[in-house]
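Q: Okay, here's what each chain looks like letter by letter:
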Amino acid sequence: MIEAVLIGLVAGVVAGLLGVGGGALFVPALTIGLGLSQLDAEATSLLAIIPVALVGAARQRSHGNVDLRTGVVLGVVAVAGAVAGVAIANAVPERGLEVGFGLFLLFVAGRLVRRDLRGDRGSGAEVGQGAGERHV
Amino acid sequence: MAGRRTLRLAAIGTAAGLFSGLFGVGGGVLIVPLLVLWCGFGERLATGTSLAAIVIIAAAATAVHGVYGNVHLREGLLVGLPAVAGVLLGTELQQRISSRAISLIFAALLAVVAIALLAGL
Numbered sequence: 013m014i015e016a017v018l019i020g021l022v023a024g025v026v027a028g029l030l031g032v033g034g035g036a037l038f039v040p041a042l043t044i045g046l047g048l049s050q051l052d053a054e055a056t057s058l059l060a061i062i063p064v065a066l067v068g069a070a071r072q073r074s075h076g077n078v079d080l081r082t083g084v085v086l087g088v089v090a091v092a093g094a095v096a097g098v099a100i101a102n103a104v105p106e107r108g109l110e111v112g113f114g115l116f117l118l119f120v121a122g123r124l125v126r127r128d129l130r131g132d133r134g135s136g137a138e139v140g141q142g143a144g145e146r147h148v
Numbered sequence: 021m022a023g024r025r026t027l028r029l030a031a032i033g034t035a036a037g038l039f040s041g042l043f044g045v046g047g048g049v050l051i052v053p054l055l056v057l058w059c060g061f062g063e064r065l066a067t068g069t070s071l072a073a074i075v076i077i078a079a080a081a082t083a084v085h086g087v088y089g090n091v092h093l094r095e096g097l098l099v100g101l102p103a104v105a106g107v108l109l110g111t112e113l114q115q116r117i118s119s120r121a122i123s124l125i126f127a128a129l130l131a132v133v134a135i136a137l138l139a140g141l
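Taken in order, these protein sequences are the chains called A and B.
Count along the first sequence from 1, add 12, and you get the number used in the working numbering.
Count along the second sequence from 1, add 20, and you get the number used in the working numbering.
Extracted from the complex, chain A is given alone in its bound form (with noise of 0.2 Å):
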């Protein structure tokens, strides 16, 4: 119980800090801290992420940092490519789709670390990023 709320706690100065939800730490919280199954635990923690992502959010939008138009666009969008994945989770190998992905998010990483490192930022990327490029 009381590490379930001490990862809860993580998990929401993670998604604060760098934007994601927290379900990656909430799934194990729930699994292992509170004795939910699996599935019930990715299900309760998309329930959690909510009112974090929600308070995220609206700290951020306060400090300038939220384009609420493509935020609304991507949301929609994803929802449509959560039914997708969830017909796709169906079909193919899940061990596939984890090498797949893995090796994705690896590639990313590799490109922003490359970027950081080159220094090659753009100097608007420290300022709320031009406005410019958000509404081209």
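Any given hint might turn out to be false.
Unchecked claim - Label-pair ranges, simulated between beta-carbon atoms: (1) Arg-81(A) to Ala-83(B): 34 to 44 Å; (2) Pro-105(A) to Ser-118(B): 34 to 44 Å; (3) Gly-23(B) to Gly-76(A): 23 to 33 Å; (4) Gly-47(A) to Thr-26(B): 36 to 46 Å; (5) Ile-14(A) to Gly-23(B): 25 to 35 Å.
Because the hints were derived from the structure by calculation, they are not lab data.
For glycine and all other residues, C-beta sits at the position ideal for the given N, C-alpha and C.
Position chain B against the provided structure of chain A, taking the given hints into account.
A: Quick look at chain B alone, frame taken from chain A:
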């Protein structure tokens, strides 16, 4: 330009949704870096926008899971409420560090998730 940007957003949203549906997470792990790399978003703007998108994704997914009776309200609140306190802390912390630091910490998170996927954890 607007057309290419729309296509990129559609690709990011679809990829995030696929990831979410396949692995039961919110999809932010894809939205944030792809907004930065493909759409030229600054790190802070990418993370804030990602959280807004995740509200919609998680609400829709929770509704679907709720129909099947998989959602446990009490346990969700038990991890979710401390996490709300955490997200306030994390958001304020993020305003005090450089964009480059956010990006490098994010790359580390991606590497951890990737290794967990590859190792089948």
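Q: Look at each hint and say if it fits the structure.
A: Against the structure, the hints come out as follows:
Hint check: Arg-81(A) to Ala-83(B), Cβ distance near 23 Å, so the stated range 34 to 44 Å is violated. A beta carbon spacing of about 42 Å between Pro-105(A) and Ser-118(B) agrees with the range 34 to 44 Å that was offered as a hint. Between Gly-23(B) and Gly-76(A) the C-beta distance comes to about 27 Å, which sits within the given range of 23 to 33 Å. Taking 36 to 46 Å as the suggested C-beta distance range, the pair Gly-47(A) and Thr-26(B) conforms, at roughly 45 Å.
Between Ile-14(A) and Gly-23(B) the CB atoms are about 52 Å apart, so this pair departs from the stated range of 25 to 35 Å.
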